[in-house]
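The listed protein sequences derive, respectively, from chains A and B. For the first sequence, this note's numbering gives the first residue as 1, with consecutive numbering after it. For the second sequence, this note's numbering gives the first residue as 1, with consecutive numbering after it.
These are calculated hints, taken from the structure and not from any lab test. Be careful, since some hints might not be right.
Chain A residues, not near chain B, derived (Cβ > 10 Å throughout) [said to hold, decoys possible]:
| hint | residue |
| --- | --- |
| 1 | R24 |
| 2 | V54 |
| 3 | K91 |
| 4 | E193 |
| 5 | W197 |
| 6 | A198 |
| 7 | L200 |
Short derived list, chain A residues pointing at chain B, Cβ under 8 Å [what the hints assert, rightly or not]:
| hint | residue |
| --- | --- |
| 8 | H31 |
| 9 | A36 |
| 10 | G37 |
| 11 | G40 |
| 12 | L41 |
| 13 | D44 |
| 14 | A104 |
| 15 | K125 |
| 16 | L128 |
| 17 | G129 |
| 18 | C159 |
Computed Cβ-Cβ distance ranges for the label pairs, DEER-style [unchecked claim]:
| hint | chain 1 | residue 1 | chain 2 | residue 2 | range |
| --- | --- | --- | --- | --- | --- |
| 19 | B | I159 | A | G80 | 18 to 26 Å |
| 20 | B | P344 | A | E193 | 51 to 59 Å |
| 21 | B | S135 | A | T56 | 49 to 57 Å |
Each residue gets a CB set at the ideal place from its N, CA and C atoms; glycine is no exception.
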Amino acid sequence: MSSVASKPAPRRTEARAGSRDRTRVLVVDDHPAVRAGLRGLLADEADFELVAAVATAEAGLEVAERDSIDVAVVDYQLGGRNGLWLSRKLKRLPQPPAVLIYSAYTDGLLAAATVVAESDALVSKGRLGADLCDAVRSVASGRRQLPQLPPRLGESVRCRLDHEQQAIFGLLLAGIELEEVAATLGLTMARLESQLWAMLRGLEGPPG
Amino acid sequence: MTAVANRDAQIAEARGHRRRHPKAATPRGYVPLLQRVAGINAALVVVAVVVTILVLTPAKVSALALDEEVAVVLGAVAVVVLANVYLLRRVVGPVQSLTRFAREVDLDNLQDRVPEARPTSEAGELALTFNEMLSRLDSERRDSTARVLRAQEDERLRIAQELHDQVGQDLTAVLLGLSRVSSQAQGGMRDDVRAVQDTVRNSLEEVRRIALELRPEALDDLGLADSLAVLAERFSQQLGLEVSYRIEPDLPVLPPETELVAYRVAQEALTNVARHSASTRASLTLGRDGGTQDRDRDNLVLTVRDYGLGMPRHNIAGAGIRGMRERAALIGAELEITNSVSGPGCEVYLTVPLEAEERG
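Chain B on its own, in the form it takes in the complex:
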């Protein structure tokens, strides 16, 4: 799966995302705020003490001060400086932890927020503003995800319609014309015409298949569960791939983008099975995984399994698999493709965190 892992990295890079910052913070080229202010304050205290001594007891300047007096003064200065550092740390601390948080925030999943951000200080205001910015970034990303997916779908729909309205209809007309020619042709000519007819019928079939793959018919209308059932039926009917499906009833209402991505992943995975796996059957499941106690932490999992050849060892991800990964990444879902452990064939998992979706 190294190819897949590389691909992951590429996608993450291409999207300008970074996982949690892996490196330690880079060395700073400046004196930190705490040390600077504490240093200045300490210097001021020392100067103030020296000046006070000089002003109040000028007579003793030349004389040696008593050891006890020196100790008391030094002790007092030290206490003041330490108290200063302690107080300053409380002021500067939140700014430092905000910096740490900002550096480590997970840009793939913009759900984290600075804890305990209250408008009780400048640092608190800064934290609040930062949280607001994260929220804006999150909603902006959701919007653009929806826009990208919508644009892709519109384009596919347009191509499907062009194929159907132009190419498909022209081929139908050619087929009708050939039928006439065929009935008038004689001898060997008739066989030639028949061969051409077969070719045209095949292309017509192909055009129809491509157009059907391009548009998820009735997804808006039927919803994900029924559309997947129709999809499975069509593979069984038209491609001779026996697809058994199990779809959990009462799934939560999903955002349209999530439904679209799940549908497309199922479609692409089944297409791959039909084309490459040499398997005559496949199974499709859609349901929640894991703990039933803690509903908030559930994932929605789509599984497509076949019983064929499995993935070659050093499989280079083709356009289909890349497309699935990119779509999954758009909705913050994970896609995993592995050879089945329990038998022959391959398994595709799409894991969509429901928590993030429902919070959105």
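Next up, chain A with everything else stripped away, as it sits in the complex:
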């Protein structure tokens, strides 16, 4: 999936990084060899600091609640709850990190689901390590790489959503922030929240 559209996401301010000059990265991947590979890759880059590399979504959330994280590199398929669940949870933290979904599959439906889960980028596991590092830097600087859905696939995605959800999806795809989405559609934040979870369930379908 080529992630073409790059839009600045104003909700994450540069001030959050504070006085630190190194980007604090959390890795969540259930495969030990991939974790080790990422650990090595990030250790080589002077501007990254690996905070932790854990195997499950729950462990990842725990780390993020305890430590301050700038970017979470998250595999989509994890043993229990998946990477998009974690993405949504991370985005509800007082200091939400940027979330980069690092997945073997990056085709249509997952791309759509990452938009709903408010992830900042979707990177294929087939990309080179250097590309991944670039993507981490990019989301750390507050840029979102929203996936581009082919129009006909977008249609089949919308088939799985009701009218209100379709409107929400359209706005999210355009990179509109949640508060603005809620205001535009006249929804309460609570209503929007529950719709987002429902949309995620609808788009992800059966696990596997």
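Fit chain B to the given chain A structure using the hints.
Just chain B, lined up with the frame of chain A:
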């Protein structure tokens, strides 16, 4: 298409199916029931008549009987024997027609039943039992079809997961490791590492493609129509094969096995187009064929068409085409592969009788 025809025969044979019995009934090594009973009865009547004559008119035994009397007796005997044959035929007839029916019943399509089977005689009971047996056979076959398909799918899913969870992740780890080596390598070494990286990326791509082909993602969830749309999109996106699709809205609800087979046939046909046809575009359609008047007789037809080289004249069906045929046979559907009449390229038709499905 002789190879294909042979293949058909092989499949039919392998599955132990026979089409309607082609030969006449084999000659019998016994006297049929009707002739046997009629013969015994006729003999009994003749004996009874002779005995009666002897008992009632012993005086006349030596004397010659009058011609008229002989004629009357013979006539009466003949009438009784014929009446007997007529009555017996009505009793034995249903048994004979049941035998004929049983011999000719179409084992590929177990929808026929013995007509007018009523429990009013032994023959009727036999016909009813036979019909029940056909029904049981039919439902048993449906069950085993579903089991076979389910087992195949489970196995594919398992292999896809293994590929993804093990091979794919290991290759990802190798790729990450190579990235580190690459950044530390110098001069010509760096080019070597880059070449290895490319190889690993290609294998990773290949593993991912195979895993995706192995599992029809979200077929249960999306349904056939949407899954086919996603499939077409993926071919367009990933393999550069422009697939246009037209899927009739409001198709009847199909049994899961039928959806699975239709999906797999579409997938295999498109894969063949991408690999062998040298065509850059293909079309996929799914809809009902034929008469709109008589809904019961409709077929569901899946068509995959390309605009490439077409099939070689003496094409030997490969594993892919064999797999499609076998899957089609499992749900009683027909698969036809022909070179297009109206232009270049090849057409694949899967015809699923809706009547049988809906009756099931």
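May I ask which of the numbered hints given earlier this structure violates, with the numbers listed in increasing order? none
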